[in-house]
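Chemist: Spelled out from the first residue to the last, the chains are:
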Amino acid sequence: MNWIQVGVLDDIPRQGSRVIKTASGEIALFRSVDDKVFALNNRCPHKGGPLAQGIVHGTRVTCPFHNWVIDLESGSAVAPDTGCAHRHEVRIAHDVVFIEVEAGECQA
Amino acid sequence: MGINKMRLVVIGNGMAGIRTIEELLKMSTDEFDITVFGSEPQPNYNRILLSPVLSGEMPFKDTILNDWAWYEDNHITLHTGKTVVKIDRKRCTVETDDGLVVPYDRLLIATGSNPIMLPVPGIDLPGVMGYRSIADVGKMLSKPGKGTRAVVIGGGLLGLEAANGLSLRGMDVSVVHLCDWPMERQLDKVGGGLLQKELEKRGLKFYMTRQTEAILGETEVTGLRFKDGEEIPADLVIMSAGIRPNIALAQLAGIHCERGIVVSDTMQTFDPKIYSVGECVQHRGQTYGLVAPLFEQAKVAANHLARYGAMRYEGSSVSTKLKVTGIDLFSAGEFTAGDEDEELLLHDSARGVYKKLVLRDNKLRGAVMYGDTVDGPWYFQMMRDATDVSEMREHLLFGQVHIGDSGLGGVSSVANMPDTAEICGCNGVCKGAIVSAIVDKKLFTLDEVRAHTKASASCGSCTGLVEAVLANTLGGDYSARPSKKAICACTESSHQDVPQAIRDLGLKNIPDLMQAMQWKTPDGCHACRPALNYYLLAAWPGEYVDDSRSRFINERVHANIQKDGTYSVIPRIWGGMTSPAELRSIAEIAERYEVPTVHITGGQRIGLYGITKENLPKMWGELVDAGFVSGHAYGKSLRTVKTCVGSEWCRFGTQDSTGLGIQVEKMTWGSWTPHKFKIAVSGCPRNCAEATIKDFGVVCVESGYEIHVGGNGGVKVRVTDFLCKVETEAEVLEYCGAFMQMYREEAHYLDRTAPWIERVGLAHIKQHVVDDAVTRAALYERFLESQRYSQDDPWKERAEGKDAHEYATLATIE
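Protein chains in written order, with this note's numbering: chain C, 1 to 108; chain D, 109 to 922.
Note that these hints are calculated values from the structure, not bench results. Predicted, not measured: the structure shown is a model, and the values here were computed from it. Ideal Cβ positions, reconstructed from N, Cα and C, are used throughout, including at glycine. Among the hints, a few may not be true.
[Claimed, not checked] Straight-line distance between alpha carbons at most 20 Å, and here's what the computed PhoX-like set of lysine-lysine pairs gives:
no.	chain 1	residue 1	chain 2	residue 2
1	D	Lys-904	D	Lys-726
2	D	Lys-169	D	Lys-549
3	D	Lys-562	D	Lys-671
4	D	Lys-671	C	Lys-47
5	D	Lys-562	C	Lys-47
6	D	Lys-833	D	Lys-874
[Said to hold, decoys possible] Distance windows between CB atoms, simulated:
no.	chain 1	residue 1	chain 2	residue 2	range
7	D	Leu-858	C	Lys-36	56 to 62 Å
8	C	Lys-36	D	Phe-168	43 to 49 Å
9	C	Lys-36	D	His-183	17 to 23 Å
10	C	Lys-36	D	Gln-899	36 to 42 Å
11	C	Ala-23	D	Phe-168	21 to 27 Å
12	C	Ala-93	D	Leu-691	52 to 58 Å
13	C	Pro-80	D	Arg-115	48 to 54 Å
14	D	Gly-650	C	Pro-80	28 to 34 Å
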């Protein structure tokens with residue numbers, strides 16, 4: 001387990017997202033309307049669009065490039081589209097946000 | 109929980125009944141114990157694809173809509189091959205022919221219809237059958253193809269499809285029909301004549317204006333005798349003289365029936381526990397035999413069964429398309445002109461093209477098309493929208509000329525298009541891919557085709573073509589876009605409903621709006637939230653606080669996202685007039701930020717491309733210091749006012765087009781609109797500023813200013829409509845503000861001015877902006893009022909620190 005502190009909950013706008021830079025590419029942190037936080041690689045499985053720039057709705061984000069909808073809990077594209085963005089574990093303790101960066105490709 | 113579940117029994121395992129269950133499952137998967145009775149032994153199949161099965165163009169298994177596993181997965185008890193013979197409304201039970209009794213809390217009758225069997229001698233002979241089910245098709249195909257003489261009684265839609273199918277199987281086919289021409293309920297005499305000629309060319313024989321007196325034969329059918337005494341031989345007789353709602357069971361149970369089972373707008377029969385949908389119902393005096401209305405009914409019935417109680421079925425207008433490969437035919441509405449109606453006709457016998465449009469009070473009432481049907485869905489849409497077509501009368505017959513100009517070069521007949529023809533240029537989707545998605549994935553609607561193939565899901569200009577492919581593949585039964593369409597799957601509300609509710613209920617933010625209009629999702633989606641944000645912003649200027657979370661990325665960060673995730677920065681250059689000092693500032697800033705691409709845009713601006721998000725606020729700060737404001741090249745907003753140099757320099761110039769353009773831009777910049785809005789001012793009719801392909805275009809002439817509206821370049825070029833001529837610059841400003849405000853208040857979000865004008869009609873706009881000075885002044889006033897709050901430069905605000913989190917990385921992990 002290697003939890004890394006990346007900020008506090010209020011750094012991420014509700015229904016919004018922030019970007020974390022890592023050696024292996026960007027990770028997008030999303031915060032849903034009911035304050036759940038998710039982390040996915042910042043690349044849409046379709047054409048690599050930056051998911052962090054999309055509109056967050058429910059526990060989904062819509063890619064700004066071609067409107068693919070990605071489920072934040074699993075990282076999978078919502079049917080009928082297929083594919084997924086690699087997800088990372090997130091934990092929140094006393095409003096501090098930690099993530100565990102796991103290298104690797106998406107496991108849908 | 110099983111004990112608390114409602115028991116729903118569905119009589120009829122066909123398309124209407126099962127569609128209702130599917131709609132119900134979408135809303136509440138857990139509330140019902142569902143039992144389905146079907147008298148046919150198969151699971152639910154696509155009855156409208158019987159004709160391709162008959163002709164051998166499709167195997168039966170491809171028509172199955174819900175396989176056995178579907179019923180199992182959804183815990184639906186299915187009884188096939190069982191016929192319900194009794195409904196006991198007192199005990200709330202149904203009883204089958206083999207004695208099974210099942211209780212219900214809610215009952216759905218979807219018994220469909222039966223073919224009308226003419227009351228003539230010989231009707232019971234073997235070899236005489238209807239054309240309604242896969243069993244009928246099986247019986248027809250049990251005869252050898254070669255040498256069998258088939259007679260189809262009834263030259264309507266279904267009869268001709270059957271005749272064509274049997275003929276493709278090698279049979280010798282005749283069609284007997286009462287009227288002068290085939291499909292008289294969908295076609296006029298000329299159209300019907302063309303169709304008959306084409307079918308005769310394919311080998312069908314027609315016996316027109318003949319009434320069948322008797323079917324001949326001892327042990328099986330051998331022929332047919334007409335009233336006039338003529339006899340023709342036959343080994344197979346198909347009755348296709350119409351369908352009759354199957355109401356026997358309902359009548360027996362004492363449920364009020366006329367021609368069909370009478371239902372209300374909530375699809376309820378006179379017994380409130382009993383609902384009915386499909387071909388068996390009679391709603392507001394109408395019965396329906398096509399699938400699109402049935403699906404609309406299913407949606408409403410499910411909504412009420414699930415106790416949402418939010419929808420009403422208000423009847424459907426239907427369009428028809430014959431499912432015979434290679435024949436393009438379309439019909440909708442009233443196609444016989446009455447006394448008050450006018451007809452527009454086009455008949456090119458060499459090309460085999462015939463079009464007739466029927467108008468009343470400048471509105472389309474009906475259309476018949478043969479040979480070239482690409483514009484069918486367009487006409488149909490205008491019919492249902494009751495669009496005033498007076499301004500486009502001259503061009504109406506020639507169609508929505510630029511439909512789908514994604515390299516198709518004016519192909520007008522979808523049926524004759526090869527499978528490799530590209531329909532959607534944005535997403536590279538060919539006709540063949542759309543057709544196989546429709547067939548393999550069992551798609552019925554435009555939205556489904558969009559979801560699965562992406563065809564017409566980007567710029568939308570090929571929507572008409574995709575609908576035509578859909579119509580062509582599914583025949584008359586495709587489900588057309590309803591005229592009042594829900595904004596997205598989160599809601600039943602349409603783009604008409606929302607602005608109305610905002611005004612009527614005084615709603616001032618998105619959560620309240622969603623709650624008042626019963627949104628089905630907690631916070632909407634990428635499609636509805638930007639729309640709601642826009643409508644609220646337009647309704648309450650100065651009061652509504654823009655919700656940046658409901659803005660598409662470009663509008664949220666005030667720059668245009670590029671394919672590599674960087675952004676473009678395009679400062680405003682008023683009226684396209686610049687100076688060496690301005691150019692020097694831009695050049696220096698571009699060098700300082702090592703901008704990889706500097707490009708002159710089509711709207712006379714300078715675009716700087718490849719800027720990282722982190723650099724945006726700093727760069728804007730420098731641009732602001734040099735005197736620039738945001739160019740809004742990223743927004744659904746006023747983009748640019750393009751001008752020529754006009755009378756100041758040009759020897760042809762009639763007015764100061766540049767000066768006027770700058771005034772117009774100073775007045776309109778910063779305004780949010782339903783879609784992007786472009787303006788141009790040309791100094792003379794040579795029109796160097798291309799004002800006639802802009803949303804609002806001014807063409808200066810010696811005596812004043814011509815105002816043109818509703819043009820656009822881009823995928824679907826549309827030339828403006830002439831609005832009016834005015835004499836002064838002040839009037840240009842007033843008309844411009846009034847027109848923009850009307851567009852802002854009336855258009856649906858993401859409609860550009862062209863589709864808005866095409867929907868409401870230019871006459872409607874003239875009435876408010878030109879004819880009525882009071883309305884115009886009020887519109888102009890509202891525009892200026894709204895502008896008071898929208899001309900704070902968003903770049904300046906962000907250079908000073910607003911929304912800093914949008915531009916900064918949260919953390920960097922090594």
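Chemist: Now, for every hint given, state plainly whether the structure supports it.
Modeler: Evaluated hints:
1. Taken as a hint, the D/Lys-904 and D/Lys-726 pair is honoured in the structure, with Cα atoms around 10 Å apart against an allowance of 20 Å.
2. Simply put, D/Lys-169 and D/Lys-549 have alpha-carbon atoms about 13 Å apart, close enough for the 20 Å limit, and the pair holds.
3. For the hint pairing D/Lys-562 with D/Lys-671, the CA-to-CA distance comes to about 19 Å; that is within 20 Å, so the pair holds.
4. The suggested pairing of D/Lys-671 with C/Lys-47 holds, with an alpha-carbon distance near 9 Å, which does not exceed 20 Å.
5. With a C-alpha separation of about 14 Å, the suggested pair D/Lys-562 and C/Lys-47 falls inside the 20 Å cut-off, and the hint holds.
6. Restraint check for D/Lys-833 and D/Lys-874: the C-alpha separation of about 12 Å stays at or below 20 Å, so the hint holds.
7. Separated by about 30 Å at the C-beta atoms, D/Leu-858 and C/Lys-36 break the suggested range of 56 to 62 Å.
8. Taking the beta carbon of each, C/Lys-36 and D/Phe-168 are about 47 Å apart, inside 43 to 49 Å as hinted.
9. Between C/Lys-36 and D/His-183 the beta carbon distance is about 30 Å. The supplied range of 17 to 23 Å is therefore violated.
10. Look at C/Lys-36 against D/Gln-899: about 38 Å separates their beta carbons, and that is inside 36 to 42 Å.
11. Between C/Ala-23 and D/Phe-168 the C-beta distance comes to about 57 Å, which lies outside the given range of 21 to 27 Å.
12. In this structure the supplied range 52 to 58 Å holds for C/Ala-93 paired with D/Leu-691, their Cβ-Cβ distance being about 54 Å.
13. Distance hint check: the CB atoms of C/Pro-80 and D/Arg-115 are about 33 Å apart, inconsistent with the given range 48 to 54 Å.
14. Taking the beta carbon of each, D/Gly-650 and C/Pro-80 are about 43 Å apart, not inside 28 to 34 Å as hinted.
The structure fails hints 7, 9, 11, 13, 14 (numbered hints given earlier, in ascending order).
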